[in-house]
Amino acid sequence: MSDEPRLKIAIFGGIGRATLARPDLQNPLDLQTAVELRHVLEEFEADGDVRAVLIAGDGDHFCAGSDVRAMAAMLEATEGGPADDAWTLGRVFLAIRQMSKPVVAAVQGRALAGGAGLATACDMVLAREDATFGYPEVRLGSVPAMVMTMLRRSVGEKHAFDLVASGRTINAAEAERIGLVSRVLSMAAFSSEVERIVLGLASHSVSGMAHTKRLFYALDDLGFRAGLDEGVRTNAEARAEQDPRNAGGG
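The numbering of the sequence shown is our numbering, which starts it at 2 and goes up by one.
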């Protein structure tokens with residue numbers, strides 16, 4: 002792996018910011034980038050000054066480019082090959098899901114293959130109106146295997162199968178319509194609106210946000226009655242906790 006960092010890291014305003022930093026290659030998500038991103042997410046989770054996380058891409062695109070084939074090869078590692086590499090991106094997805102803090106993807110331009118998967122893994126996706134999303138792995142003889150776990154939950158079976166079987170690219174408006182994107186923002190207001198939305202998340206109660214996120218994803222594995230029971234338990238826990246960093250706190 003190269004000694005050159007793949008990410009720009011910053012913390013201010015209660016937001017941990019990880020920016021993919023190879024704009025000349027459209028910020029491809031290769032093995033080194035995935036390793037660095039997982040470590041950064043773990044650091045953000047442990048840092049009490051971080052109350053929300055923003056993942057972005059430098060330049061005109063969020064994450065796409067020349068390393069699509071390298072990522073496909075990494076994800077289909079076979080017996081006798083670098084099997085652990087096949088889990089590298091999966092560990093990033095798990096880190097996002099297991100964090101107590103909200104993770105937001107700010108997507109402009111292309112989000113393809115591993116880039117689309119990274120956006121899908123985040124709790125919220127804020128898309129600039131020029132953003133495009135696609136899972137083209139099938140066209141390369143590969144499979145967006147781990148991404149499907151999240152994609153089906155986000156958009157449902159029919160939309161998800163269409164995307165992974167066709168490998169087609171969709172625009173931000175369609176991505177929002179099918180549930181892949183949380184909000185579409187204008188070109189002119191994109192940066193300021195992303196900042197406003199993520200700062201808003203960072204202003205909320207730390208414990209309230211943690212309970213909300215934990216319950217939200219715990220419901221994936223629960224039936225209706227069990228989900229209600231878990232909601233009652235979570236509500237009682239949240240009310241019982243004293244959060245020294247209330248909404249609007251520093």
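Treat each hint with caution, since some may be false.
In the SDA-like style, the derived pairs of lysine to any residue whose C-alpha atoms are separated by at most 20 Å in a straight line are [said to hold, decoys possible]: (1) K214 with P24; (2) K214 with R153; (3) K214 with A190; (4) K159 with T170; (5) K214 with T170; (6) K214 with S187.
Read the hints as simulated data drawn from the structure, not as lab findings.
Going through the hints against the structure:
1. K214 with P24: 32 Å, violated
2. K214 with R153: 19 Å, holds
3. K214 with A190: Cα-Cα ~28 Å, so violated.
4. K159 with T170: 16 Å, holds
5. K214 with T170: Between K214 and T170 the Cα gap is close to 30 Å, so the pair fails against 20 Å, i.e. violated.
6. K214 with S187: 27 Å, violated
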